[in-house]
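Visitor: Here is what each chain is made of, one letter per residue.
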Amino acid sequence: MIWERDEKAILRLHKPEEEMEYILVTDVGSTTTKARLFQKIKGEWRYVLSGEAPTTVEAPYENVIMGVQNAIREVEELTGLKILSDEGKIIKPHYDGHGVDFYCTTSSAGGGLQMMVAGVIKTMTAESANRAALGAGAIVMDVIAVDDGRPDYEKIERIRHLRPDMILLAGGTDGGTTTLVMQIAELIAAANPRARLGADYKLPLVFAGNKAVRPAIKKLMGDKFALSIVDNIRPVLEIENTEPARRAIHELFMEHVMSHAPGYPELMTWTDLDILPTPAGEGMAMQLIAYIEKKNVLGVGLGGATTNVYSVFDGKFVRSVSANLGMSYSICNVMKEAGIKNIMRWIPFEIDEGDLVDILRNKMIRPTTIPHTLKSLVVEHAVAREALRLGLKHHKTIATRLKGAKRAQRMIGDILEYTLKETYIDMMKIDIIAGTGGLLSHAPRRVQSMLILTDGFQPEGVTKMYQDSVFMMPHLGVLSKAFPEIAWNIFDKDCLIRLGTIIAPAGTANQGEPVAKVRIELPEGEVFERDVTFGEIIRVPLAERTQAKAIISPTHDFDVGAGLGKTLETTIEGGVVGVVIDARGRPLVLPEDDEERRKTLVRWFESLDMYPEAFLKECKGE
Amino acid sequence: MGKKSVEKESAEEAYAYTPGLKVKREVTVSKTRLLPIPGEVLVKEGDIVDFDTIVARAEVPGKPNIVKASEILNVKPEDLPAFMVKKVGDEVKEGEIIAKYTPFWGLIKRFVKSPVDGVIESISDVTGRIVIREPPTPVEVKAYIPGKVTKVLPRRGVVIETHAAFVQGIFGIGGERHGELRIVVDSPDDVLTPDRIAPEHKGKIIVGGSLITLEAFKKAVELGVRGIIVGGVRGVDLTECLGYEIGVAITGHEDISLTLIITEGFGRMSMSRRTFNLLKEFEGYEAAINGATQIRAGVIRPEIIIPHEKHFSGREGEELSRGMRPGTLVRIIREPYFGKIGKVVSLPVHLQKIETESLVRVLEVQLDEGVVVVPRANVEIIEE
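In order, the protein sequences belong to chains A and R.
Mapping to my numbering: the first sequence position 199 is 199, numbers consecutive.
In short: position in the second sequence from 1, add 1000, done, that's my numbering.
Since the hints were made in silico from the structure, they are not lab data.
Remember, it's a predicted structure, so these values are computed and weren't measured experimentally.
Built from N, CA and C at the ideal position, the CB exists for glycine as well.
Do not rely on the hints blindly, as some may be mistaken.
[Unchecked claim] In silico BS3-like links for lysine-lysine, alpha-carbon gap of 30 Å or less:
1) A:K517 to A:K549
2) R:K1280 to R:K1310
3) A:K122 to R:K1280
4) A:K620 to A:K375
5) R:K1087 to A:K219
6) R:K1063 to R:K1093
7) A:K617 to R:K1353
8) R:K1068 to A:K211
[Stated by the list, open to error] Quick partial rundown of chain R residues pointing at chain A, CB under 8 Å, derived from the structure:
9) V1131
10) E1134
11) I1170
12) G1247
13) V1248
14) I1295
15) R1334
16) A1377
[Unchecked claim] Covered stretches of chain R, as calculated for chain A (at least 3 residues, CB under 8 Å):
17) 1057–1066
18) 1096–1109
19) 1116–1125
20) 1226–1236
21) 1265–1277
With the hints as extra help, turn the sequences into a complete structure.
Guide: Right, here's the structure in full:
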């Protein structure tokens, strides 16, 4: 048993699990609806193929069903399996070349689930509410708190103009402040925000704060909002209990939000499992990896519009979403936030800054175009590194220790001054990095995604690297709610590509100084042994699903996980790229001098066989 | 890539569809003009409206003001209702006393005055705060295009139709404006420099060629030009014009005095001849323009609407639902052939390896310099 299936989320089963043969899962994305067909072949569940079609949530169609049907029709054409009835509905259960046994879906069409969260103290209850909403797969439009630095009228203006799908209101420990919670509640009630999908229904609001104010909240908000009251998110300051809020968010998402989106009421009658927001599905897939491997995982979904970062660290799951960091629609926001110079530093050829700006702006206005030349591919890879860097930086502000714990007795004023603690994310303790998203999965050479993930996240010590083959993490995530074993089998066999292992000693030195002695005992008796010097990056082939023993002895200024200068003996796993020994130092610093920087990049790329040889020679001016 | 894509290819005919931007001499343009909240529609079906006719009006609820009353009176929140002079629903004026506390036979006097004109909305005995709602503010919706009201959407707005030429740009800034069209360059390849702009262009919409320089943009603002339509602009210049960098392409609400529409892209890009010739044909006409652009799902492109009463003979605006096929005219929208226009020669069925080493669906295009192979994702159809 991987994890208990979520019986509450399952709406119906058409057949006992052991008799099922076909499962269909879709993801209704903001631009594309993606269907994935799974089949039990010789007793084992496998991915069969995909069908894709444009999402039809917007005018002139305004009915999401059409996109789902079109994606399914593609699956029908490719398999010969007749899935849709003459009325255009999914035939269930499967019989004689007709229909499937189970259908479920995730959705992010029309902007996904957009929430506003509020709490009393920015770094305590509001922060917990933010984490709960993000973990439930929402895009958090704003976090309102008593101490967020904005005067009341400004908060009210903001709330009036946001048009969220839902509000999560937290605040106060059980038995703690009542007045401050009510102040925030009154602010929201006075602002009277309208729901995004129409003015004619009540905006859902989840209250997960001090239980003592529940009657007052009911009185104040019961008529104006579709109110749902759940257990306190911070019953005491030492505990964060996001699960009840997350569940309520998913229930209200189905009941109130989805039911007002065009075509969804019908789609809801088709699904055998509650519809999940796409990032919630993706997050479940990341948790599945951590759960199976019993490791700390850092995951990323690098999309066209947004970057989702997930971490499962010592069992704690956190998601962050950088809503405007992405590789197509949001490419210029990466440029804006990172600065053009930070993008240019990853480019190994000379390029005028203004020309680079125009290249990125043109990608923004024509987001579906793809790089045709190696130069434009390299430019996009440069942006990806910065999107990842910024996404992780943002994630670390969400993945923080609980603030205020053990200080419950102090006055609020003291707590306001309480200094922010650093994140608990320690790159040395991240065992696995998993990436998904168009740019990574379409990288012509897998080593490109491995280096992009490495440069963007800068893992330390020994880290395994995964990416998905075909985009289906949300599909498998939602499926894992009902059938965790089936989902994992498909995940393991057909979805996860093992890129390999990265060995990155943390520390810095001068160019050419010794960093570590690395010995890798490869299968069939072969041994790789080398004194690695600072500034080098080396690739050692080790096939997918093979293991090797590694003995890494860093010099006294470097650490690979056992401590400074301490030898680490471990088993490493291979992959389509193999093992990459990255002795470029942590933090990774590129040469200041432009020419020197370009030469260094070319040297690294040559060593890893990143891009075609002729192109790299051209970069060097040869 | 792999198995799935190959199978997909073989299951399809040589067929693809990439929508292009519309460039039409003659269409019926229909605009739905909606209020942000329900209100009153001021015109009726069949009415003839002009650019600036107000077609609908509504009142947006006023701002709520929160007054920390119990704090000011120095009483417990639960005692506040006892000290209120005004009750929920009462109208109040700025400076008017709404609550007072006078203990010790009036020796101590504390008052709460309304900070604004408005109505008392709530009095909280939990937080001790009073909410005063300011009077509603009116919002009006203009016709934006001259034409006929063809439908009234009760309390929400109207649909207006007009006979016009219609051109979509690729990106714009600035909102709805109207003005007379003036061509200020000789060819679509010309750069729009400051010397092309004169005081007589005040209030006009000027049409340039391949690029507008930063200096020209500044001069246009200075002289009160209402709109600029041009092939391209440099990204760095756009940032300089706005004073900030645009991160996500959702535009139309910039605080600038003119509307800028680019028809081709960023950098120097000759305006397509078809677009240029059409605009030239309607020089002197009054046009409505809107720079609003949204590139995410629910795409909005900037638009130029030129109402006219001309009727052209012959076929125009072949519908694109048939998709791309040999002979279709396309524009390449990415390096290395960015901006070039040619006819589709063929749409090979199998995936092909391009310079990046990616395996993608491609098409062959006939350009002046010969036949080139381009990813299908990198072209757009030009409507003939």
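Visitor: Taking only the CA atoms, is the gap from K517 (chain A) to K549 (chain A) under or equal to 30 Å?
Guide: Holds - the C-alpha atoms of K549 (chain A) and K517 (chain A) are around 14 Å apart, at most 30 Å.
Visitor: Hint V1131 (chain R) vs chain A: min CB-CB distance below 8 Å?
Guide: holds (5 Å)
Visitor: Taking only the CA atoms, is the gap from K620 (chain A) to K375 (chain A) under or equal to 30 Å?
Guide: Roughly 13 Å between the alpha carbons, so the hint for K620 (chain A) and K375 (chain A) holds.
Visitor: Tell me whether the statement that chain A covers the segment 1096–1109 of chain R is true, taking a Cβ distance below 8 Å and needing three residues at minimum.
Guide: violated (count 0)
Visitor: So if I understand the rule, the pair passes when the alpha-carbon distance is 30 Å or less; does K1087 (chain R) with K219 (chain A) pass?
Guide: holds (18 Å)
Visitor: Does K1068 (chain R) pair with K211 (chain A) here, judged by a C-alpha cut-off of 30 Å?
Guide: holds (24 Å)
Visitor: Within the assertion that chain A covers the segment 1116–1125 of chain R, do at least three residues meet a Cβ-to-Cβ distance smaller than 8 Å?
Guide: holds (count 3)
Visitor: E1134 (chain R) was flagged as interface toward chain A. Is the shortest Cβ-Cβ separation under 8 Å?
Guide: violated (11 Å)
Visitor: Taking a Cβ-to-Cβ distance below 8 Å as contact, does the segment 1226–1236 of chain R have at least three residues touching chain A?
Guide: Check passed, 3 qualifying residues.
Visitor: Holds or violated: is there a CB of chain A closer than 8 Å to the CB of G1247 (chain R)?
Guide: holds (3 Å)
Visitor: Next pair to validate is K122 (chain A) with K1280 (chain R); report whether the Cα-Cα distance is within 30 Å.
Guide: violated (58 Å)
Visitor: Are K1280 (chain R) and K1310 (chain R) close enough, with their CA atoms no more than 30 Å apart?
Guide: Distance ~15 Å between K1280 (chain R) and K1310 (chain R) Cα, so the pair holds.
When held up to the earlier numbered hints, the structure conflicts with 3, 10 and 18 and fits the remainder.
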